[in-house]
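With chain A fixed as given, assemble chain B onto it according to the hints.
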Amino acid sequence: MPTIWASQGNCTLGSSLSDLSVGETGTVQEIHLEGKLRSYVTRFGFVEGAAVSVIRQVPLGSLRVYRIGQAEIALRPETAEQIRVTRTDT
Amino acid sequence: MTFPFQRQASCHEVTSNGNNHGSSPSTAGIRTCAIIGPPNSGKSTLFNRLTALRQKVANYPGVTVEHRTGMLAGNTGREVMLVDLPGVYDLTAYSEDERVAAEVLHGEMPGVARPDAVLIVMDATNLERHLSIVPDVLRTGLPVLLILNMADLLEKRGGQVNLVKLAGQLGVPVALVSAASGKGIDAIENFLRADTHKNGRHELPVLHGPIACQRWARQLAGASDYRAPLPAEWTRRLDGVLLHRVWGPLVFLLVLVVLFQAVFTIGQPLSNGLQNVLNNLGNLLFSWMRVGLLKSILFDGVWRGLSSILVFLPQILVLFLFITILEDSGYLARAALMADRTMQRVGLNGKSFVPLLSAYACAVPAIMAARTIENRRDRLATILIAPFMTCSARLPIYTLVIAAFIPEGAVFGPLLGYRGAAMLGLYVIGFLAALFTAAILKSSILKSSPMPFILELPEYRWPTLRSMAIRSADRAWVFTKNAGSVIVIVATVLALMANLPLVGGAPPGLHQSVIGRLGHSIEPIIEPLGFNWRVGIGLVTSVFAREVIVGTFGTLYGADPAARNLTLQTALHKDLTAAGAAALLVFFAFAMQCTSTLAVVKRETNSWSWPAAQFLYMGALAYIGALATNLLLSHFCH
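Which chain is which? The protein sequence lines are A and B, in order.
All letters in the first sequence, in the order written, are residues 3 to 92 by our numbering.
All letters in the second sequence, in the order written, are residues 574 to 1211 by our numbering.
Bound conformation, chain B alone:
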């Protein structure tokens, strides 16, 4: 990735005659307005508040930076579209995010209309530093509203600022708001709905480089009677515990344990309930259909397959909800600090920890979250190892095989049973494979000179229900849409193949069906792993998505008269050896069976070679791992 530096000097291009930013009044009113501001300034909270749920996420053409757009909520007159730009400190094009923000504001982003106005959002408690973004934005000549967010915190901690003086110095209107509580939001709405806008003419100094910008920002804050608030006392006190030498790591461990435990103790009963609902609904919906080919495709294939995926929705939601809480509260940044040492040992830094933790829910958002890593090679390494983390799509097959082969029983009192221990083991081998791979990548093809690791610690905040609800709903929809569309196609094709060719007008036996013959033809390749032809078909279909294998087993055993009346667990237990079952788990721990992940890796790396290499590498590791597991266990267990 090359960073064009043509706007490096933008700060000093702010001319002293003021014409540049005072000469483009918007007379027709605002139709498109960009929102820009530094990370952690509450930009997204404000965006959510202004647009409510009327928003959509899209990618800028040709680059990997995502942007959200939304329509201003409330229905009075003109529609105003808001564009949420990536969080940036200035427009120096140091990172891809900054380059994109600059291009959008200058109207140089193909396919994105130049905004008519800009809202600059900054943290009022951190004004001296955040003001340095202002000259870059004013230079675009667009009408600007400067929003000082977190007004409540500023006031509570004894800070103050003279808005009239600040507005007078900059020649733009200034609003003091609290996006979290909604206080002062009407000022923004009035700005957006006004018919004419014009930045005042004002003399701005000539500034050379980022240091001069910083100095200018501090002087401006001083001239606006800015009194910085007292340090966040609660954040200090909490960090005294959460980053304590002894308590810090203990709480960290506890948070991780609770996170994964919650998936099972809260998510599992919900999943079971949903399973019952879906079963009854299916029986009700399909009761009118005659038994035959169409019913076995629609009911046994598509409906069963779809519901076997949907039942995991509660567990995935619980996981996302917890990760959202950790992130919004500010704890995740502390966890990243404590994980830095481990990440450093394999050549990465604490910033990789956040994507890797989200990868426990799903690798797709995790890979997108890796955008916060500035160093391109570190980012690439994080993207390549993220799919090793045990994502929620592995839970269906893990749960099924473990329940079929491992008896209940306590290893360590009531805390950990045999089944829990097996599950934990699978999480551990995935994590170790990720670290191992990172160490190899970072000491060879992705070796880079160490970038300084700098992380700003956000203040602790209560996560808002609003933001949790919006993000969870978003994730749930994406999961349902992706998994749902794949499973419907796979299940339809599978059910057709299991019922064809017709022999004298009736479906053939499973062995003679198209799918049976296909399965038998791949059996020699997978036999050394302890897998039979049914597992082979599952491996083929689960290339689309890991959870599909459970639906496939459902379809295959459902089509077999000998297994039809058994539960899936019993059927599997009769069909596989214990060694083969263990090998299957190891295979799923390592293999890259997810077309959504491959697609997002392609998009993020802008090349097919990385996802192809990742697919082959993970596949090879899975094959070797499963082979070794099967050989060892067959040798020692008999």
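So here's chain A without its partners, still in its complex pose:
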């Protein structure tokens, strides 16, 4: 069931993990990856309903470190873009 996520402007439902800024927290809604890639991110805890927060930006590049559960995981923006989240107010 393909879901089209509008990425324009103020539609909060449409944010991806890469849209969150450092310090913000979100809840994973959907993962736009298939097959092997999907189970690969799943084993790091990226499952629907999981809370993810952005810990920091890694220097010398575009990686960011996220906290999910007890783990700190680094992702490139192109992977983070595939993970749709809703912002959680803190």
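Calculated directly from the structure, the hints in this document are not laboratory data.
Here are the simulated lysine to aspartate or glutamate pairs, EDC-like style, with alpha carbons at most 20 Å apart:
1. B:Lys1147 - B:Glu1096
2. B:Lys729 - B:Asp798
3. B:Lys729 - B:Glu701
4. B:Lys868 - B:Asp1133
5. B:Lys1020 - A:Glu80
6. A:Lys38 - A:Glu83
7. A:Lys38 - A:Glu80
8. A:Lys38 - A:Glu50
9. A:Lys38 - B:Glu669
10. B:Lys1020 - B:Glu947
11. B:Lys1015 - B:Glu1177
12. A:Lys38 - B:Glu1029
13. B:Lys756 - B:Glu728
14. B:Lys1015 - A:Glu80
15. A:Lys38 - B:Glu947
Model, not experiment: these values are computed from the prediction.
Quick look at chain B alone, frame taken from chain A:
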């Protein structure tokens, strides 16, 4: 590499009647026990703790995954063999490591006996995620002990778990331990030494796929009153500095500088000391022998050759020790993050950084470390470029030629002299050749769709002395054994060839000897590079291992009456032009002269064509590079 997916669905095959995992009691006691668990769960620390030094490393037949086995330490009754499986999150056969782990547990690995029991090790501070491996293992029907490691961290940071409830839900015994401190280890030993084992019968739900497994794991943790510990405050604070926008890269640079500087400021004096010891020992050992053919083979050839290699042991140990500290402390993962951009530019990712850094010590363990790269093409590219990194076997010839041709003197105050600058230059051209080659490979034959780069950051930890000692001793032994056996053979053959054919019962002049004639016959090929026949012989012998060339020079100049009383540096300085010497350095920076590396590349890629291509490519680059260096320098310097 194809990944068989037949066990993809294993998680939901855990049946709800419980018979599958409750029906195979071990009555004769445990003889073989596998240890399984996710990466960074402290599995290896636990293995080292349980086996002490009674362990050995081997490869599974037909695949490239290494496994360690060891006997349970302490001597009470039955021998128990422990098999350390690769670090995996589950048994879905996504990577080769997972496939191997699954095959061993199912008793399908040829030549490896099916274990009688399994220890599942997981990080107690990360229970919600790590529990997802449990259903896959229970399904094998083997008796299981679930080990929640890092008990000290869980407690210190205010986490808790109800072991009785967890054990009750799973129907298997659970132990809370700290492998680093040894707390709770006796529970594991009791499990291994008990005479009967039987997993309790318990209802497990039907689970479909990895997402359901994750959800089940979280629910199970919740039902066991699991309270996750507070975030690792020290790790946060340290990362605030070590991954800081400004300080992060500076510390990274500093770590690299200290790493290489330590090899020289700590390793060099130790090497010099060892050299003296070996010289005196040699004189003592061979003093009783009469001067003659046998003595020149054993003493001048084998002993001198062997000691010219062994003196590099301290430098190699220092390098390995530093890399072990960086790895065990958790810093290497941060360095990999900061290196990701550079690696990405040539089509790789940060995961390639760790093998490439270890390649500065030696390409052989580096190529094996490339196993952590899931993407086959990225892994292959990393294997193919790793030998360009300046390994410790290049240090002997670099040090010798630089000391012979480059005067001491400061370029940049006391920090960097001419000699240091030359050495740095050689490191840089090796690194650039690696990047250049990676860029070519990743934009042509090894092009791949980008895999998501995901790296879990381990918590910072103090590296334990125990693990550092075990790993250093292991490396030292491997180096001595490999280099030693090669040099003994090469030196014996060389010394024989330099002393034959006998002319009227006496050894011939060096030019007329077998080796002299061989050298002269290859001279035309290498003359354009500024090399003479002696260098030519060195190039031939160093195909076995780079450091052999220094031993070869020792043997050759030692056999020459005109050079016998000179130091190796002076003899070399008289024998080569400056341009030829520079060309020799460039040649060694690029050429693939290491049979151990070729053998490990063959093993890891399961084909002779990759090491053959690598040998030819690096050889061509070395020849062209040396030719250009010699021509340019001869042109401009005269």
